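There are 2 protein chains.
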Amino acid sequence: MIKKKLAPKPLMYPKPAVLVGARVMGKPNFNTIANCGIISWDPPMVAVASYFGHYTNRGIRRHKTFSVNIPSAKMAKVTDFCGLYSGRKTDKSKIFKVFYGGLKTAPMIEECPVNLECKLVKTLKYGEAEIFLGEIKAVYAEDKYLTNGQPDTIKIDPLIYSSSDKKYYRIGKPVGKAYEIGRKKKQA
Amino acid sequence: MIKKKLAPKPLMYPKPAVLVGARVMGKPNFNTIANCGIISWDPPMVAVASYFGHYTNRGIRRHKTFSVNIPSAKMAKVTDFCGLYSGRKTDKSKIFKVFYGGLKTAPMIEECPVNLECKLVKTLKYGEAEIFLGEIKAVYAEDKYLTNGQPDTIKIDPLIYSSSDKKYYRIGKPVGKAYEIGRKKKQA
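Protein sequences appear in the order of chains A and B. For the record, in the first sequence the residue sitting at position 15 is 15 according to the working numbering, with numbers rising by one throughout. Quick note: to get the working numbering, add 1000 to the position in the second sequence (first position is 1).
Hints were generated in silico from the structure; no laboratory data involved. Hints may be right or wrong, so weigh each one.
Stated by the list, open to error - Computed list of lysine-lysine pairs in PhoX-like fashion (alpha-carbon distance at most 25 Å, straight line):
#1 B:Lys1125 to A:Lys125
#2 B:Lys1094 to B:Lys1104
#3 B:Lys1122 to B:Lys1027
#4 B:Lys1004 to A:Lys155
#5 B:Lys1074 to A:Lys177
#6 B:Lys1184 to A:Lys166
#7 B:Lys1074 to B:Lys1184
#8 B:Lys1184 to A:Lys89
#9 B:Lys1155 to B:Lys1173
#10 A:Lys27 to B:Lys1064
#11 B:Lys1074 to A:Lys3
#12 B:Lys1122 to A:Lys173
#13 A:Lys77 to B:Lys1177
#14 B:Lys1137 to B:Lys1104
#15 A:Lys27 to B:Lys1004
#16 B:Lys1122 to A:Lys119
#17 B:Lys1097 to A:Lys144
#18 B:Lys1177 to A:Lys166
#19 A:Lys137 to B:Lys1166
#20 B:Lys1166 to A:Lys125
#21 A:Lys94 to B:Lys1005
#22 A:Lys137 to A:Lys119
#23 B:Lys1137 to A:Lys4
#24 B:Lys1004 to B:Lys1064
#25 A:Lys74 to A:Lys64
All values derive from a computational prediction rather than experimental measurement.
Using the sequences and the hints, build the whole thing.
Here it is in structure tokens:
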């Protein structure tokens, strides 16, 4: 087998496409982010990387709160829109129905199946990336997206971002149960 | 609309299911990780969260290198296996064909369509999570997974992890082109 050595790039498969919310200049603003991920489970924490010049970053720095809103695949168009146009020139405060939780300053999107309300814990900087580490203080979801009280992946129908071809994808078919299909007794 | 407020949990949709590799006690070892994500693009960096007691963590601490190996959906069973059994009791060094790159101590999996070779830059700790921030020093892939010299999502057919139902999924159908479907002129 011959593997090619490629230039280092920020690749991950899959990447999410989430809407990160913050209050900037007295208004809610949202930006589309694919470079993020969970980094701790107790306390639950998320890392969100955003170009330091982004308008949303200002609000996160100021209020030390932000939200991570999970759009469904049918929200692809508006999610893409939020990534294309800066809050500096485009008022994105009226696109969605916005609500707030206990942190008061982290605007969340009603239309998104799942919302993570986050308190900024630490900020890192590498190159032009400002990396916000947030503790997830609450999760919000409508009943219709829950199964046994927990958000259900299939009901959410989350949007997936692919950086190789710059396309959005849907989630596909189940492959098997985790902590199960790899058991030794199941091998061979 | 009534949203339910749920207890804070480390949710993200989608999550990847990657195999993180390190050299421990002179042998390659691999663990399955879903809590990870890209946190910087220049330099390209990845954050990988792993329970501090995991065997793989020892190797990352010692050699200050690790790999992130992207399995395809057809590798679900072996990926699950690597997450179920600790390298402390189960020798995982012979499961895959292993190769090394310029960093010398980050074992990578030939069978995985894409490999990220990483140098440890910083380690964070929150609760029981040890978070390794690594700079991606090289990317490896076979020709058959490339399109125009870049890894191709559809050819990779990456494994997706869903923590709500503890299942693995495939990637599904394309929804639209990013930086395109949300353009104002496309809005109705």
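Against the structure, the hints:
For the suggested pair Lys1125 (chain B) and Lys125 (chain A), the alpha carbons sit about 17 Å apart, so the restraint of at most 25 Å is met. Between Lys1094 (chain B) and Lys1104 (chain B) the alpha-carbon distance is near 18 Å, which keeps this suggested pair within the 25 Å criterion. For the given pair, Lys1122 (chain B) sits about 23 Å from Lys1027 (chain B) by alpha-carbon distance, which is consistent with the 25 Å threshold. Between Lys1004 (chain B) and Lys155 (chain A) the CA atoms are separated by roughly 15 Å; this keeps the pair inside 25 Å, and the hint holds.
At roughly 13 Å between alpha-carbon atoms, Lys1074 (chain B) and Lys177 (chain A) fall within 25 Å of each other, so this suggested pair holds. For the given pair, Lys1184 (chain B) sits about 18 Å from Lys166 (chain A) by alpha-carbon distance, which is consistent with the 25 Å threshold. Proximity of Lys1074 (chain B) to Lys1184 (chain B) is assessed by CA-CA distance (about 40 Å); at most 25 Å being required, the pair is judged violated. For the suggested pair Lys1184 (chain B) and Lys89 (chain A), the alpha carbons sit about 13 Å apart, so the restraint of at most 25 Å is met.
Between Lys1155 (chain B) and Lys1173 (chain B) the CA atoms are separated by roughly 13 Å; this keeps the pair inside 25 Å, and the hint holds. Using a Cα cut-off of 25 Å, the hinted pair Lys27 (chain A) and Lys1064 (chain B) is violated, with the two alpha carbons roughly 43 Å apart. Proximity of Lys1074 (chain B) to Lys3 (chain A) is assessed by CA-CA distance (about 19 Å); at most 25 Å being required, the pair is judged to hold. Under the criterion of a C-alpha separation no larger than 25 Å, the hint pairing Lys1122 (chain B) with Lys173 (chain A) is inconsistent with the structure, at around 36 Å.
The suggested pairing of Lys77 (chain A) with Lys1177 (chain B) holds, with an alpha-carbon distance near 9 Å, which does not exceed 25 Å. Our distance criterion of 25 Å between C-alpha atoms is met by Lys1137 (chain B) and Lys1104 (chain B), whose separation comes to about 12 Å. A hinted pair counts as satisfied when its Cα atoms are at most 25 Å apart, and Lys27 (chain A) with Lys1004 (chain B) qualifies at roughly 24 Å. Taking the CA atoms of Lys1122 (chain B) and Lys119 (chain A), the gap is near 22 Å; set against the 25 Å cutoff, the hint holds.
Straight-line distance between C-alpha atoms of Lys1097 (chain B) and Lys144 (chain A) comes to about 45 Å, which puts the hinted pair past the 25 Å bound. The hinted pair formed by Lys1177 (chain B) and Lys166 (chain A) meets the criterion: a straight-line CA distance of about 6 Å does not exceed 25 Å. Simply put, Lys137 (chain A) and Lys1166 (chain B) have alpha-carbon atoms about 22 Å apart, close enough for the 25 Å limit, and the pair holds. Of the supplied pair hints, the one linking Lys1166 (chain B) and Lys125 (chain A) is violated, its CA atoms being roughly 33 Å apart against a limit of 25 Å.
At roughly 23 Å between alpha-carbon atoms, Lys94 (chain A) and Lys1005 (chain B) fall within 25 Å of each other, so this suggested pair holds. Simply put, Lys137 (chain A) and Lys119 (chain A) have alpha-carbon atoms about 7 Å apart, close enough for the 25 Å limit, and the pair holds. This hinted pair checks out: Lys1137 (chain B) and Lys4 (chain A) have alpha carbons roughly 14 Å apart, not beyond 25 Å. Only pairs whose Cα atoms come within 25 Å are accepted, and Lys1004 (chain B) paired with Lys1064 (chain B) is rejected, the gap being roughly 43 Å.
The straight-line distance between the Cα atoms of Lys74 (chain A) and Lys64 (chain A) is roughly 30 Å, outside the 25 Å bound, and the hint therefore fails.
The structure fails hints 7, 10, 12, 17, 20, 24 and 25 (numbered hints given earlier, in ascending order).
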